[in-house]
Structure formats: C-alpha cells, structure tokens
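Novice: For reference, the chains in residue letters:
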Amino acid sequence: MKGSALAFMAFAWGIILIWMYLAVSKLMKAGQKA
Amino acid sequence: MAEQRDKWASKIGLILAMAGNAIGLGNFWRFPYQAAKNGGGAFMIPYFVALFLLGIPIMWVEWVEGRYGGKYGHGTLGPTFYLMSRESLKPRTALIFGIIGGMLAFSVTTLLNSYYLHIIGWSAAYTYFSATGAYFGKDSVQFLINYLGNTGQVLLFWGISVALLGVAVGQGVSKGIERWVKVMMPLLYVAAILLVIRSLTLGSPVKPEWSSMKGFEFLWEPRLSEVTWQSALAAAGQIFFTLSLGMGIIQNYASYLGPEDDVALSGLATVSLNEFAEVILGGSIAIPIAFAYLGEKGISAGVGLAYIALPNVFMNMPAGQFFGAVWFLLLWFAGFTSAIAMYNYLTALLEEDLKISRKTGAIFVFILYLILGLPVALDPTKATLDLYYLTELDNWVGSYLLVVLGLFDIIVAVWLFKPENFWEELHKGAYIKVPGWIKPLITYVAPIYTLILLIFTTKDYITGGYFKAVPSYVAKPEYASWVWLARGMMFLILIIGAIEAYIAIKKKYGEELEKNEVIIKM
Chain A
0 MKGSALAFMA FAWGIILIWM YLAVSKLMKA GQKA
Chain B
0 MAEQRDKWAS KIGLILAMAG NAIGLGNFWR FPYQAAKNGG GAFMIPYFVA
50 LFLLGIPIMW VEWVEGRYGG KYGHGTLGPT FYLMSRESLK PRTALIFGII
100 GGMLAFSVTT LLNSYYLHII GWSAAYTYFS ATGAYFGKDS VQFLINYLGN
150 TGQVLLFWGI SVALLGVAVG QGVSKGIERW VKVMMPLLYV AAILLVIRSL
200 TLGSPVKPEW SSMKGFEFLW EPRLSEVTWQ SALAAAGQIF FTLSLGMGII
250 QNYASYLGPE DDVALSGLAT VSLNEFAEVI LGGSIAIPIA FAYLGEKGIS
300 AGVGLAYIAL PNVFMNMPAG QFFGAVWFLL LWFAGFTSAI AMYNYLTALL
350 EEDLKISRKT GAIFVFILYL ILGLPVALDP TKATLDLYYL TELDNWVGSY
400 LLVVLGLFDI IVAVWLFKPE NFWEELHKGA YIKVPGWIKP LITYVAPIYT
450 LILLIFTTKD YITGGYFKAV PSYVAKPEYA SWVWLARGMM FLILIIGAIE
500 AYIAIKKKYG EELEKNEVII KM
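Those protein sequence lines, which keep their order, are chains A and B.
Counting from 0, one number per residue, gives the positions in the first sequence under numbering that gives the first Met the number 0.
Counting from 0, one number per residue, gives the positions in the second sequence under numbering that gives the first Met the number 0.
There may be inaccurate statements among the hints.
Using C-beta positions, here's what the derived DEER-type ranges look like [said to hold, decoys possible]:
| id | chain 1 | residue 1 | chain 2 | residue 2 | range |
| --- | --- | --- | --- | --- | --- |
| 1 | A | K25 | B | K6 | 38 to 46 Å |
| 2 | A | L5 | B | G132 | 34 to 42 Å |
| 3 | B | P439 | A | F10 | 25 to 33 Å |
| 4 | A | S24 | B | L384 | 40 to 48 Å |
| 5 | A | K25 | B | G202 | 35 to 43 Å |
| 6 | B | V189 | A | Y20 | 32 to 40 Å |
| 7 | A | F10 | B | Q229 | 23 to 31 Å |
| 8 | B | I192 | A | S24 | 17 to 25 Å |
| 9 | A | K25 | B | A382 | 34 to 42 Å |
| 10 | A | Y20 | B | S356 | 36 to 44 Å |
| 11 | B | A468 | A | S24 | 53 to 61 Å |
| 12 | B | G257 | A | F10 | 46 to 54 Å |
| 13 | B | Q3 | A | Y20 | 51 to 59 Å |
Hints listed in this document are in silico derivations from the structure and should not be mistaken for laboratory results.
None of these values were measured; they are calculated from a predicted model.
Every residue, glycine too, gets a C-beta built ideally from N, C-alpha and C.
Modelling step: build the complete structure from the supplied sequences, incorporating the hints.
Specialist: Printed below as a string of structure tokens:
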C-alpha cells in the first residue's frame, strides 16, 4: 500500500474514531448526570 | 395541548436507534460501489467535503425540526414545516410549506421503502442461501435471476422481514423500536468487524497482484487531480442517502425527544457512528474483498457488487458459507434498522393524524407496503436484472427527492424559522456549544451547496435522458410501461401525501388558518 494512501486512510480513520469516542462518551456521561 | 406521546427510554437507546436509522444498505452496499464507480480516492475527497458542509449541518437541522414538531405532538413533516414557517409567514402561506414537506416525506417513506424492503428481503434470502451453500458452484448472475423469478420465494423472505418490522413498530417507540435496535445494532457492528478482520487477513488468494491491501489503496489513494464534477455530485448524493437525510425519518425519531433534550451533541454523535460504519467498516469489506479475489474489474460490478460479485467470492473463500451468511445478515440488519424508521413514520402519521391505534396502523402499513412493493416483485425485467420499475423509483424518490426535501429543510427550519431561532433551538438543553462560525455554514453554505447539487443533478438527468417519455436507460421499449407505472405511482403518492398533509394541518390549526393568525403557540 502506497504511503500517501496509508496516510490519508490513517488520518480519516483517526478523525472518525476520535470524533465518535468523544461524542458518544460525552453523551453517555451527560445522560447519566441528567 | 399536545397529547402524551411515547418517548425514548434511554440515551443509549435513542443514539442506537438514530445510528440504526442512518446506517443502512447505503453504508455497506451503496457506498462501496459509488466509491468504486467514481475513482476510489478521487471520490473520498469530495465525500468528506460534503460530509462537513452538507451532512452535519442538515443532520442538525433535521434534529431541531423533529424535536420542535414533537413539542406540538407531531412526528410528521407537514405540521412541523407549517409550525416553523409561521415564524416568518402568515398561517395560510405557511400551509404551502407544510403541504410540500408532508408530501415529500410521505412519498419518500412510502415509495423508497416499498423497494428498499424488497432488497432487505433479498438479503434475508441470501443469508439463508449462503448458510446452506445454495449458490456455491453456480453462476451467480443466473442464480440471482432464478431467485428473483421465483415470486413466491421473494415474497416469503420479504414477508418475514416486513412482518418483523411490523411487530417492532406495533410495540411502540420505547417498548418496540428501542428494544429491537439495542439488540440489532451491537450485532450489526460485530458482523461488520468480523468481515473487516477477514478482509484484512485475506492476503493474495488468487493472483499476487490482487490483494485486499490493493483494494484499500484504490479507495484511499488521494487522487486530487482525478476529482470531477461527477464524483463530487455522487459524493454529495451519497451523503444524503447514507445519513438518511431528506426523508423525514430523522425528524420522526427526534420528535420523541423531550423539549429540553439535547440535539446538538446527539446529531453529531449520530453522524460519527454512521461514518464509523460507512468509512471504516463499509470501506473495509466489499472493495478489499472483491479486489483480492476479482481484481480491479471485480469492484466495478456496480450495483451487482453485493449480490453478484461477492457471492462469487464467498464460494471460493475458506469458510465462505459462514462469511457469506455474515455479509448478508449484516446487510439485513443494516436495512432493517433503517426501514423501521420509515415504517414508523407512516404508522405515526396514521396514529397522530387519523387517530388509528399503533397496532392497527402497523398492519395497515404492512398492507400498503405489500401493494406498493408488488410491482417490484412482478416486474418482468427482473429476468435480465434491468428492474425498470425499481430503477425509476430509485432515480427519483431514492435520489432526487431527498435533495429537494433537504433544500426545503433548510429553507423552512433556518430561513423561515429565522436563523437566530434555529440557533437558539439547536442550543436548547445542548451538551455542547456549537462554534459561531458554523452558523453561516448552516445558513448559507449548506443551502447553496444543496442547490448546486440539485441543479447539476437536474442537468445530469436531462442529459441522461431521465426526463424522456422512455428514459435512455430503457433498452427494451416494450417494457417501458413499467417505467410509466412507477411514474404513475409517484404522481399518485405525491397527491395523496399533499392531501394528507393539508388535512393534518387543517385539523389541528383550522382556526388559525381561518383567521390567518397564529393562535396555538408553545
């Protein structure tokens, strides 16, 4: 796999995973507090 | 006062239901073939741009609309659009927008689901065929033709799937839909992760130059110079389809929120879960697996990627029966959790506007889908896999109308409702503060982007011959009557949807329409 493809994929996957983790965990925490 | 409505019982249930609503066949089936058709990496760049400029803003718009309508006891778009439009317009003028919204959402949830349910039925059948190895050693094109030709079998698998949907919807939102998705969504993720692991460990089973890694490379090589208008349009269209935008079903689910429940973070979480399922899971299954066994030619199979190309792969893969069954079960779960939202839209419409009990309504909707779906099962062009009836509906209801409704979403919920009111609604009970620079994105960029998408899609439809009496894709004019049947059905459903929306609004807001003054306000 070419480096540019790997970098683009890692970048996109990373953003999505972090975004999902932050959004869902914050939502769960806020939901528990409520 | 609004009547007591069912509500989501838990935050996790709501988010799984919303994620299930958005995650559908679009993630695992449509996304790979759209990406393959539009140049892989050259598709992914405009895809992410559209996600940011269209997907997230319109998702927020639809959550806000849904919760606002729910406050007044509405889960359907007609009354919701009417209520929001009243902020800028006199009730009689706002009624026009209510009718447009109700008409479009009714048409999409009715007609899109009428053929979507058939594809879910095919997935149920192929789960069974994979587990039993029924298509192994056979020609996969001929096998699909034979299956579609056996109307009894098609209706059997369709019937099992839709009856289960009817049971879930009939049980209600918190006791039915929420409980079902709490089981199905984790199973969907497990099935997808299993297939991703299989895809990553395939190596080069046929030729050294064919491997799943080459498939990943095709999808992720950022070929900026190869981005075309065509790929940008396809990417924006995919964003609408995958996030279930422009259908009225995100609003329907959001209508079961409390008036102070968060929508800002919830909308963002829904998009993130969908993108995880689409980009990370969906992008790591069909394309890499097809590439490893069939090379670049295999991934250009288009719509046939799921039901023709992949069965060819499974019959040659170790433990192919198992992985084939998991793949089609994944499609079934994904389709089911989206179709349930469309099913619920119509059941809510009967319940709220015509006061028909939920259980009876769910039976009516089953019968409606049976009647509207029959032409899909009986269309003689299935013998050549042309499926004119389904194609015509998909071109208009499953693609074009989504963008039209998406545009009206913004016109109504942002412009007519007024941007400051929208912003205030978005932040009511919100767990996050949306940065101020997003506001012009939602107010101006998203509608302009949607309008451009609509103009270019219209232009494409004209040059592609979709407006012709006999569309250009019809190679056998003797079967053009099936295209006309689809068009007649669309016309009829649009009219019924408009009348239904008018009656629903008039019933509750008749007095203010008569006086042309806002009376009911919360």
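Novice: Give a verdict on every hint.
Specialist: To see whether the hints hold, each was checked on the structure:
1. K25(A) <-> K6(B): 38 to 46 Å: violated (21 Å)
2. L5(A) <-> G132(B): 34 to 42 Å: holds (37 Å)
3. P439(B) <-> F10(A): 25 to 33 Å: Roughly 26 Å apart at Cβ, these two residues keep to the hinted range, so it holds.
4. S24(A) <-> L384(B): 40 to 48 Å: holds (45 Å)
5. K25(A) <-> G202(B): 35 to 43 Å: Hint holds: Cβ distance 40 Å, inside 35 to 43 Å.
6. V189(B) <-> Y20(A): 32 to 40 Å: violated (19 Å)
7. F10(A) <-> Q229(B): 23 to 31 Å: Between F10(A) and Q229(B), where Cβ atoms are some 25 Å apart, the hint holds.
8. I192(B) <-> S24(A): 17 to 25 Å: holds (19 Å)
9. K25(A) <-> A382(B): 34 to 42 Å: violated (53 Å)
10. Y20(A) <-> S356(B): 36 to 44 Å: At 42 Å between Cβs, range holds.
11. A468(B) <-> S24(A): 53 to 61 Å: holds (55 Å)
12. G257(B) <-> F10(A): 46 to 54 Å: For F10(A) against G257(B), whose Cβ atoms are near 38 Å apart, the range 46 to 54 Å is violated.
13. Q3(B) <-> Y20(A): 51 to 59 Å: Hint violated: Cβ distance 36 Å, outside 51 to 59 Å.
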